[in-house]
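Going down the list, the sequences are from chains Y and S.
Counting from 1, position 133 in the first sequence corresponds to residue 133 in our numbering; the numbering is continuous, with no gaps.
Counting from 1, position 83 in the second sequence corresponds to residue 83 in our numbering; the numbering is continuous, with no gaps.
Read the hints as simulated data drawn from the structure, not as lab findings.
Note that the structure is a prediction, hence the values are computed from the model and not measured.
Heads up, some of the hints might be wrong.
[As the list claims (entries may be wrong)] Derived DEER-like restraints, expressed as beta-carbon distance ranges:
1. Y:P288 with S:Q201: 17 to 25 Å
2. S:S21 with Y:V280: 55 to 63 Å
3. S:D127 with Y:P288: 37 to 45 Å
4. S:G78 with Y:P266: 29 to 37 Å
5. Y:P140 with S:Q299: 18 to 26 Å
6. Y:R312 with S:R311: 52 to 60 Å
Every residue gets a Cβ at the ideal spot worked out from N, C-alpha and C, and that includes glycine.
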Amino acid sequence: MFLEVNDLTVDFHTEDGVVHAVDGLSFEVERGSTLGIVGESGSGKSVTNLAVLGLHNPETSKISGSIKLDGKELLGASRSTMERLRGNEIAMIFQDPLTSLSPFHSIGAQIAEVYRKHKGASKSAAWDRAIEMLDRVGIPQPKVRVDHYPHQFSGGMRQRAMIAMALVCDPGLLIADEPTTALDVTVQAQILDLLRDLQEQSGSAIILVTHDLGVVASTAHDVLVMYAGRAVERGTMREVLREPRHPYTWGLLGSMPSLAHPVDVPLRPVRGTPPSLINVPPGCPFHPRCDYMELLGREVCTGERPELSPHRGHGDACYLPLKQKAEIRARAAGKETT
Amino acid sequence: MTEKLLELSGLEKHFPVRGGSFIKRQVGAVHAVDGLDLVVHEGETLGLVGESGCGKSTTGRLAARLLEPTGGTISYRGADISHASRRALKPIRSEIQMIFQDPYSSLNPRHTVGSIIKGPMEINGIDPPGGREARVRELLEIVGLNPEHYNRFPHEFSGGQRQRIGVARALSVNPKLIIADEPVSALDVSIQAQVINLLQQLQRELGIAFLFIAHDLAVVRHFSQRVAVMYLGKIVEIADRESLYEQPRHPYTHALLSAVPDPDLDAPPRERIRLAGDVPSPINPPSGCRFRTRCWKAQDKCATEEPPLVRLDGNRDGHLTACHFPEDQATAGRDIVLDPALKD
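Produce the complete structure using the sequences and hints provided.
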């Protein structure tokens, strides 16, 4: 396995108390495959990625567990080791390309810098590499555009430039944190296609963080659904979208209008709001918003915290037996068609 | 059909662009809205979709007369309000309300929820039976908040709850028309659905008309009875929901629809049209058909002659399209990929 995250826990000490941003999270990503991490704001998606990159401030955060990239442990690795890895082996694409590019340096200079630092290339070789990368991500006239500054690029072009910068050293792992959220649908489709094509060429592993299940359906191989810092469901994209098992995943799917849905059927969202990560509800963190708690009884759902089960393959963290879930789903589907 | 509530005809809004070093002279104009015709009927929801920068929000602000148009007319219930004075607008203000995109910046952080919702009633001198405070509590309950939160401040609420406060504020003056500018796009998926359900319920129960501005085509389809597609300051296609989503005739509408990623794996496979590049600058919009620079069907005629917004052969009533070479009604399932990066 290329990336193995085991029992990752990230706590932040704040004035209001300890924020349990990520709590006992495990997942794996293989080379050449894309893991879609889905969840709402505050579910710990971005914190997890920053932990993989080693970007949390050690003075304010407490991280435990294990993050292994290609067999090497990243947690507790020295600063210089992490610096060698970042941008070289692990690269990141952020949501907002405008704030993550420097306005004072040309696009070419920003891409070339990464290449020079990690590969020790000469100035001119790095510049040629920057032009080559811009060409690969589909920026027209790369020889002209390489001298331009971020403000001269449109939103979609900036995101392409970000991808060019992330891929300049052929990283094994690419983390894309909501890479298309700030973009229009037509541009989003371009960027997702581009990521897919680049992955086919380079065989990198991709972690794609998103809140849009449509994006997951069109790009991810595997899916991890997060809620309040924990994984509540995991499986291949088809398993999770076709036969979702966790009530929270049902809620997410029920919240999203689809172009294929019958019209004038009300959406079936999750009620309530996500919990505070300082006082995470005991037991299953989703129980205060769950419609199926009475089926098991409050003691079960607030008791011991459910773990992802089964341990491998398609699993979810819920005590409700699979058979009962299938019945609930069938009933809901029947209601929709009548 | 029911009565026309709001009518925009030939509407234009050009924002000046100034340049020069000492004396700032106007060197150009952003053609944010450039000749737009639109009608909102009583009690209906008209969805307005388009990419960023196409002039959706400017249209919304013009419709609420927060902006004064540089050309064309806005009429509300038959009265021309395009250049009406503040005083003349006052009685209309309470009938047209707005819900904004960002629930953080659209509520005054120093005011309590009670005074925020009461504000419009005070300004418009509305005295509901039972008093304003009782009405505020009632409104809080209607939008699904606890009436006891009357004295709390906005920072004590989550994004979804704040958006509900914004809805309660808009409802406080019993409006006939609500202009909702991306009301759910800043919210999380599950909260987004709660707010959409709330707005739909309000429309059913109170018969308020909505001009629903959004970029999410699935949300617009879910919420609107009629949908208008905007591109660079103009309407390129407008139709009932069914007609527009099932038989888009404008290539742009078609491309937009095909770009929406769908979480429903069992949905029938749709063809893919990948548009190249971005929306051109509204300072120098392309001649003729504005979409021609990104259109795969464009021919010489498109550059010289602007296509009128008309009903095409075989289309249902009210389905208008502005295109010289519209899509076939029976859409052929072929892939059209225009992105240079995706060729080969």
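Fill in: Distance restraint evaluation - D127 (chain S), P288 (chain Y), Cβ atoms, bounds 37 to 45 Å
Distance hint for D127 (chain S), P288 (chain Y) holds at roughly 40 Å.
Practice prompt. Hint says 55 to 63 Å; check whether the CB-CB distance for S21 (chain S) and V280 (chain Y) agrees.
Written response: Check passed, 58 Å falls within 55 to 63 Å.
Worksheet entry | P266 (chain Y) and G78 (chain S) - C-beta distance against the hinted 29 to 37 Å | holds, 35 Å
Item to complete: With 18 to 26 Å as the target window, see if P140 (chain Y) and Q299 (chain S) comply at their CB atoms.
Response: holds, 22 Å
Worksheet item: Does the Cβ distance between R312 (chain Y) and R311 (chain S) fall inside 52 to 60 Å?
Response: Between R312 (chain Y) and R311 (chain S), where Cβ atoms are some 58 Å apart, the hint holds.
Discussion item. Between the beta carbons of P288 (chain Y) and Q201 (chain S), is the distance compatible with 17 to 25 Å?
Written reply: Roughly 23 Å apart at Cβ, these two residues keep to the hinted range, so it holds.
Hint compliance for this structure: every hint is met.
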